[in-house]
Every structure is written in structure tokens, then in C-alpha cells.
Amino acid sequence: MVNMGKKKGQGIRRGMDEKVFRVLSGALILLFSVACLLPFLRVVSEAVSGDTAVASGEILILPKDFTLKQLKFILDTPQFTQGMWVSLSSTVVYTVISIVLTCMLAYPLSRTDLPGRRGLMFYVVFTMLFNGGMVPTYLVVKNLGILNTFWALIIPLAISQFNVIVLVNGFLGIPKEMEESALIDGAGQFTILVRIMVPLAKPTLAAILLFYAVARWNGWFDAVMYVNDRSLFPLPVIIKDLVQQGLNTSMFPSLTTPPPTQAIRSAAVIFSIVPIILVYPFLQKYFVKGVTLGGVKG
Amino acid sequence: MKKLKKLFAMLLAAALLLSTAACTSGQPESKAPSSSSKASSSSGESSSQEDAAEPGNTGSGAKLQLILPSNSTPFPDGMSENDNFLVDYWREKTGFDFDIVILPNINSAEKLNLMFSGGEVYGMVFEKDFTSPSRFHDQKMLQPFDDYMEGSYFFETFKDFQGKGQMDGQQYAAIIPTDGIPCSSSLYVVRKDILGTIGIKEQPKTFDDFNSMLYDIKSKTEMIPLAVYEAPSKDSWDTIASLFGVSYQHNAWAVRDGNVVLRHTMPAAFDYLTYCKKLYDDGIIPKDFLSLTSDTLDQLYLGDQAATIIKEGCWGMPTFIPASEENSQESRFMDYPTGYYGQIASGFQDRFFSQCVYLSDSCQNPQDYVTLLDFLAQPEVVKVNNFGLEGEHYTEDESGAMTLTEAGENLQWAVYYRNIFLPEDWYQVYGINANWAEYYYPTERHSVGTTDFDPVEFMPQQAADVTLQTELKETIIDQYYAKAVTGEVELTQETFDAMVNEWLDAGGRELQEKYTEQYKAIGSPDYSHMYVSYLPDEHPGYTGKYLWDGHE
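Line order of the protein sequences matches chains A and B. 75 is the number that our numbering gives to position 75 of the first sequence; each next residue is one higher, with no gaps. If you want our numbering, it's the position in the second sequence, counting the first as 1, plus 1000.
Please note that a few of the clues may not be correct.
What follows is a set of in silico ranges between Cβ atoms, one per label pair, in the way DEER data are often shown [to be verified]: (1) A:Val100 to B:Gln1139: 38 to 44 Å; (2) A:Pro281 to B:Lys1140: 39 to 45 Å; (3) A:Phe122 to B:Met1149: 44 to 50 Å.
Sample of chain A residues lacking proximity to chain B, with all beta carbon distances greater than 10 Å (derived) [to be verified]: (4) Phe40; (5) Leu41; (6) Leu88; (7) Leu147; (8) Gly173; (9) Ala182; (10) Phe221; (11) Met225; (12) Val269.
Cross-link-like lysine to aspartate or glutamate pairs, in silico, DMTMM-like; alpha carbons within 25 Å at most [said to hold, decoys possible]: (13) B:Lys1063 to A:Asp51; (14) B:Lys1128 to B:Asp1465; (15) A:Lys64 to A:Asp51; (16) B:Lys1192 to A:Asp229; (17) B:Lys1164 to B:Asp1452; (18) A:Lys69 to B:Glu1326; (19) A:Lys64 to B:Glu1330; (20) A:Lys64 to B:Glu1325; (21) A:Lys72 to B:Asp1077; (22) A:Lys240 to B:Glu1230; (23) A:Lys240 to B:Asp1282; (24) B:Lys1201 to B:Asp1282; (25) A:Lys69 to B:Glu1156; (26) B:Lys1234 to B:Asp1452; (27) A:Lys69 to B:Asp1295; (28) B:Lys1192 to A:Glu58; (29) A:Lys240 to B:Asp1077; (30) B:Lys1128 to A:Asp229; (31) A:Lys69 to B:Asp1077.
Derived from the structure by calculation, the hints contain no laboratory data. Note that the Cβ used here is the ideal one computed from N, Cα and C, for glycine as well.
The whole structure should be built from the sequences, with the hints applied where relevant.
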């Protein structure tokens, strides 16, 4: 209840309908939260439960026959640790490069006096809606000479048109007077970008950073298509392979190892999302603020 | 200043447009060679003008590209697909160098397609998908083996199988025979302890015995008698379907009166559906079977809610059986009873062919690749690829039984190179040394000796035909089968015939006619001799301990 310094009995009274609404909406949100959390909790429980208990369907929310065997197996398997390393390094490098490139494209596009701005914006938006397809993209990557290299995970998806548009709008939201005063002081465009626009657009940049980081972390299809060397496969590829093996019990397996159990698959999934869960709370406030600040303006 | 800015902006826009145009023009650099180089190769002569380190050259040091099928087994530290003792052995014995690419386990078809389209494939592809050659043949990306087959040890040794790789009268795919397990079918896994408590001491021998067993479980216990999932036209129902002679796990076609027909549309399929509906109506199978999955089925069984389960193959058994034992359950594989019509019930999951091999149209030295196939088919090379080096990876006694050393037990990664793998080797390598025997050989019992073969399995299959067959099955057959059993559609002869006619009219008739014509053109052979067991007469490593009686 809002207290605006008034005496008791003089505060804002909420009607019954508003109270009912608050209760109902609270209940719905709680239900939705539980629906989102329950599967996650179950996966966590399966990851730390005994194989037989998991296979027998005895796990609902709480673990049974607690064991860290599955997680230890994941950590001891070089594939997973290698995949984690590739994912971490590619995410960091990709995010940095993507942010830099996105800033360099978004800033000039945010200058309303840029000649040909409409045409360039159209070019950006058009490529967001239509692309050449898998084969031409593959040919471009091949002709860049980065097939089967670490850079195949970085360069092809380095700029997201959606993020460019978000950042353009973020820059547009910064008062023009800031730029003008910098110009008066003799600053060049690059100085303005680095010293004025980027610091002021931090919330938007943080949101975009999170978008890029999560996209790269979860990305697997480009890795499968552009990379042959298995030591360059990021973690999602390895997890997807593991989960797929376990789901398709009629598929001829490797024969050298038994199919992964449900418990191991759950442990692998938990292993893959831990880094994101650790980082996200620190960026959450920027995420919400940045998305709304970067919203399309007129 | 403003004018300069404008000029710069215009130049930038022009540069972007030009770069877009540049990206869409031109051909990939490593496209198909000229016809002259093909002509020189076809005459069997080497064309060794270029530097030996360049890919595609013949002669010693020529680099051969091999694209191998996917597997999830990792290489140990310090090893890779091009850097291990097996490839070194190949290099030493053949004089070739190798550029080996292993396809990923996921989206491998898309990856291969991209590699072909991007001109990345200049050598030979080993594939498990037998429709793959037809896809690339249709795009004119392959070259045939015909000019190089004469005198080839590989093609002479495996000549009986090569019909499956022929397209337009030419050998576009070389077919490698079975990886050792041609007969692998579905399994019944039953709770022998539960059956014992309700007075069932022997496994059912006939259809009536089997049916009585299910209804006894229903009336005397609280358990689901038979756990199944998905539509009755799918693989997981194969053991039940086999009771009506309509088993179709990977073998959808049959020969009836000299014609190739789809099992799902045969008259016996109506009897099968009628039986499935009865099982559903009487609560013998779960009411929610359509929404269950393989995992939830396991949970039902391992959680003491189901007394019998159908397993689609043996591959999940190494984890399923121990989990069952840990739950103090006495689980056994149950033999197929005789069928509804008194016939021997047979299930199939054929693996008569291991892989197909095809050459890229860009390949400049096809003869070298056939030479490599000849090398890989040599018995001593097969032995090295499958077992490693004697003394280092295995020891062999006078009877020929092999025992892996510690180094040999760490040769899982060699699975990528076991492309030619004879059936007798499977017993040793995987059956005994990788402990699969107790799980696999029980399934083989239900396919060995069958005479109701699938002829299409032995013929070349066009990708377009398989796609059509899959689409018709999903949209017409699976839908009808599911609805007929649950009662959403009334199961009558009329509705069944209507479904069959719908399937025929939608393209099924053309498929049947095409396959019948193809089958007759090759002499309507009888393939039942292919359904054999390779289990040695003496097999101390396999006991049959999970069979009903606990022994083979």
C-alpha cells in the first residue's frame, strides 16, 4: 500500500476487485514459475540420483540415492571438458568481437544526418529477413578460409541485425546535445563513440552482450556445419549428441560404450547450463533495462 | 567537410553492394575436374604430373580423402582421425596419404550435403544411409565405379551384394556387407518372477498361450500386462506384429504371389489391428500408450508397473537389465510364440549391409580409391582394423579365440575404421570382448531362418521413393493405426480398405509397382538364405543367461 506520509486512515484504499486481481495474478505467476522450475528441478535431481532410481521413474523433485557419480563422469570425460573450454573461449571472443562490430555499425546508422542511412538500414533489415541459404553461406565461410577453424564459430555470426537495430535505437535515445558539446570541444566521431555514446548506452550494450553470449553459448548448428575437427566442437554439440544417443534406443550405437543413461544425460545438461546461471544474475538488471531502452522508437 | 562525409557514405554503400554481388558469383575452387583427367584415370593410367603433396594425385604419396560415418566414440588424447596407428598402418602398406573427415553424429546428412555443394568432397564417402548415394547421384555429384571393377578384389569378393548400389545401370555405390549382425529383432522382456507367482512356469509357445499369459497377468495382478508405446504401425510393436506376419521393423515390404506389397496394407494387418484393439479395450496395454516414450516405458517396467515390455532392439539392454536386477526383478528375454495363424513368428531388423561407398565426381584418381578398397578387404587388414596388432592389442589361441590385451580394450576409437567387418569378427570383437553377446544373440533367434524376407532391402532405393514411403506412412498409415486402436476411427474392414486405397492412390501403388518390376527384373530371387546366425557352434563366451531358461 502506498504511504504518502498521510495519517492512518487517509491512505489509498484498494477496492475488492483490485485485491482479487492481485491475488489471481499472483497465483498465476506462481503457477507459471512452478511450471518453469519443476522440470529444471527434476533434471537437477536426476543428475544427482542413482541410475536405477532414475530409470525406474522414481524421481519427481527430490533426488534419490544421492550420488555425484554422474557429474564426476562428466567432469572426467575429456570430451565434455574440451567442449566446455571451446564454448567458454568462443563465447568470450565472439561476444567481444560482436559488440565491437555492432557498435561500429550501429553508431553511424544512428546518425540521422548520415547520407544513405535509410538505404543502409533497409540493407540491414532485409538481410535480417532474408538470407542466401545454407549453401551460399557455407561457400562464403569456405572462401573466407575459416572452415574447420576456431574462427568459423566467430566470424559468420559476428553481427546480429536485431542487435544492431536495438543498439541503433539505444544510441538514438542519447541526447544529441551530448554529441554536439563533444564536437564543440574538438572530439572526433570515434572519440564521441568511445567516450560518450558507449558509456551512456551501457544498459543497452549489456543487454546485447547477454544476447550474443547466450546465442553463442547455445549455438551448435554452425559448429556442426563449419567444423570437422571434434576438438573444436562446443559443448552444445556434445550434449546434443549425448542426448540423441540416449533417446534413440533402436539406433545402432557406438557398441563400445553403453548408451548414456537418463541420469548421465541430465548431468550433462546441468553441466552445460551452470556457467550461464552463474553469470546471468549479474546481468539481469541490464537485460531488462536495456531491452526497454533499446525498444524501437518512432 | 560535409561533402566529403557524403562521398564517403556513398562509397561505403557501394562497397557493401559490390561485396554482396561478389559473394554470389563464381564457382567453388575445387569443382569437378576436366573430362580429360577422367579419361586418363579410366584407362587405369596414373596422372602424376602434379606435386605428390597435392590432393587427388596418383602414385606413392597420393592423398586420398575418406569421409567416414559418424560415431560418438572419442579419440584418446594425442590421437585424431588422421593421426593414429591404424592410419599409419594404412599409409605404410598402401603408400597413400589420407585426409580423413568424420561426419558429425547430428545433422550428418546436411553436413555432407553442404560439403558436396561446397566442393569439399574430392574423394570417397563411406555412409550408413543407403539412400545417400541416390541423393547425390540425382544431383550429378558422383562418378561410377564401373571402369575400375574388373580385377578388383573387393568387387569380386562382395559381388553378390553390389546390386543394391546400382543406379541407371551403373555401379554408383559399392556395397559393404554386413557388420556381423544381419538378424536383429525386437525382444520381449518379461518379469519371470511375477509370472511365477501367478502360476506361469513355462514361456508361452503358441499365440493362445501368449494371449492367456497376458490376460492372466491382468486378472491376477495389478500390473499392466504389456507395455508398449507409439502407433501400432511403428517399430516398437514389432513383436506383436510378427505374430500376424506383418513384422515391419525396418522391413516394410514383403513378396506375396510374386508381387512386392507393403505389410501394413496386407489382409493380415487387419487381423493384427483387431487384436491390438482388443488389447487396448481390455486394458492389456496402457490406455495412454500413444503419449508414452521409450523412457517412460522403461520406467513403467522398472517401477514394477508393467510385467512385460517390448524392446525394439538389444541396444538399451546393458543398462536396462542391470537396473532391473538392482530392483530385485528377475527379467528374462521371452521367445516369440508361434503366430496367430500357427506360423513361425519372425521379427526383423536387418543389417545385411554395413555401409555403402561412393566416389565424388571431383575425384581425380578413382583407381587409387578402388585400390584402397581392395586393400581394406584383405583378410589380414580386416583383422588389423578390427582387432589391432597381434601381441600388442590381442592374443590368439590355437582355436582362434581372441583375447584383448589392456591396449586392445582401449581401441574403441577404431570403430571408425571398421568399415569392412565380417560377421565372424562381430562375435569376437563386440559379442565377447565388448560384452554384447548376452544381449544381442537372444534377438537373433527371432529372425534366423525366416523365409518371409523383404526384397526391397536388397535392391537399390531411391531417396525420393523412401521419402514418399515415409511421408505416406506418417500421414496415412500411422494415423489410421493409432485411431483404429483407440477407437477414434471405427475399425472395420471397410475403413481398413479405405485406408489402403488412400495409400495406394497417394503414391503407394506406384511404389509397389516399381519395386515389383525391379524385383522381377533381377529374377525374383529368394533371399531367405541371408537370414543366418553367425554364432559359432562353440561359443563359450555366450551363455544365454538372460533367456527364459537361462542358457542357450
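Hints, one by one, checked against the model:
For the pair Val100 of chain A and Gln1139 of chain B, the beta carbons lie near 40 Å from each other, so the given range of 38 to 44 Å is met. Checking the proposed 39 to 45 Å range against Pro281 of chain A and Lys1140 of chain B shows it is violated: the Cβ atoms sit about 55 Å from each other. In this structure, Phe122 of chain A and Met1149 of chain B break the distance hint of 44 to 50 Å, their C-beta atoms being roughly 57 Å apart. Here Phe40 of chain A stays apart from chain B, with its beta-carbon at least about 18 Å from theirs, past the 10 Å limit.
Every beta carbon of chain B lies more than 10 Å from that of Leu41 of chain A, the smallest distance being close to 18 Å; the non-interface claim holds. The Cβ of Leu88 of chain A lies farther than 10 Å from every Cβ of chain B, with a closest approach of about 19 Å, so its non-interface assignment holds. With a cut of 10 Å on Cβ distances, Leu147 of chain A falls inside the contact zone with chain B, its closest approach being about 8 Å. Every CB of chain B is more than 10 Å from the CB of Gly173 of chain A (nearest about 23 Å), matching its label as outside the interface.
No Cβ of chain B comes within 10 Å of the Cβ of Ala182 of chain A; the nearest lies about 16 Å off, and the non-interface call holds. The beta carbon of Phe221 of chain A sits about 7 Å from the closest Cβ of chain B, which is not more than 10 Å, so the claim that it is off the interface is violated. Not every Cβ of chain B is farther than 10 Å from the Cβ of Met225 of chain A; the closest lies at roughly 6 Å, contradicting the non-interface assignment. Distance check on Val269 of chain A: its Cβ is at least 14 Å (rounded) from any Cβ of chain B, clearing the 10 Å threshold; non-interface status holds.
Only pairs whose Cα atoms come within 25 Å are accepted, and Lys1063 of chain B paired with Asp51 of chain A is rejected, the gap being roughly 47 Å. Taking the CA atoms of Lys1128 of chain B and Asp1465 of chain B, the gap is near 18 Å; set against the 25 Å cutoff, the hint holds. Taken as a hint, the Lys64 of chain A and Asp51 of chain A pair is honoured in the structure, with Cα atoms around 10 Å apart against an allowance of 25 Å. For the suggested pair Lys1192 of chain B and Asp229 of chain A, the alpha carbons sit about 48 Å apart, so the restraint of at most 25 Å is broken.
Straight-line distance between C-alpha atoms of Lys1164 of chain B and Asp1452 of chain B comes to about 19 Å, which keeps the hinted pair within the 25 Å bound. A distance of roughly 17 Å separates the Cα atoms of Lys69 of chain A and Glu1326 of chain B; the hinted pair therefore holds under the 25 Å criterion. For the hint linking Lys64 of chain A to Glu1330 of chain B, the alpha-carbon distance of about 23 Å falls within 25 Å, and the restraint holds. The suggested pairing of Lys64 of chain A with Glu1325 of chain B holds, with an alpha-carbon distance near 18 Å, which does not exceed 25 Å.
With a CA separation close to 19 Å, the supplied pair Lys72 of chain A and Asp1077 of chain B stays within the 25 Å bound. The straight-line distance between the Cα atoms of Lys240 of chain A and Glu1230 of chain B is roughly 23 Å, inside the 25 Å bound, and the hint therefore holds. For the proposed pair Lys240 of chain A and Asp1282 of chain B, the alpha carbon gap of about 40 Å is over 25 Å, so the pair is violated. Taking the CA atoms of Lys1201 of chain B and Asp1282 of chain B, the gap is near 24 Å; set against the 25 Å cutoff, the hint holds.
A hinted pair counts as satisfied when its Cα atoms are at most 25 Å apart, and Lys69 of chain A with Glu1156 of chain B does not qualify at roughly 51 Å. Our distance criterion of 25 Å between C-alpha atoms is met by Lys1234 of chain B and Asp1452 of chain B, whose separation comes to about 19 Å. Distance check on the hinted pair: Lys69 of chain A and Asp1295 of chain B sit about 21 Å apart at the alpha-carbon level, within 25 Å; holds. In summary, the hint linking Lys1192 of chain B to Glu58 of chain A is supported, as the alpha carbons are separated by about 22 Å, within the 25 Å threshold.
A hinted pair counts as satisfied when its Cα atoms are at most 25 Å apart, and Lys240 of chain A with Asp1077 of chain B qualifies at roughly 22 Å. Taken as a hint, the Lys1128 of chain B and Asp229 of chain A pair is honoured in the structure, with Cα atoms around 21 Å apart against an allowance of 25 Å. With a C-alpha separation of about 23 Å, the suggested pairing of Lys69 of chain A with Asp1077 of chain B holds against the 25 Å cut-off.
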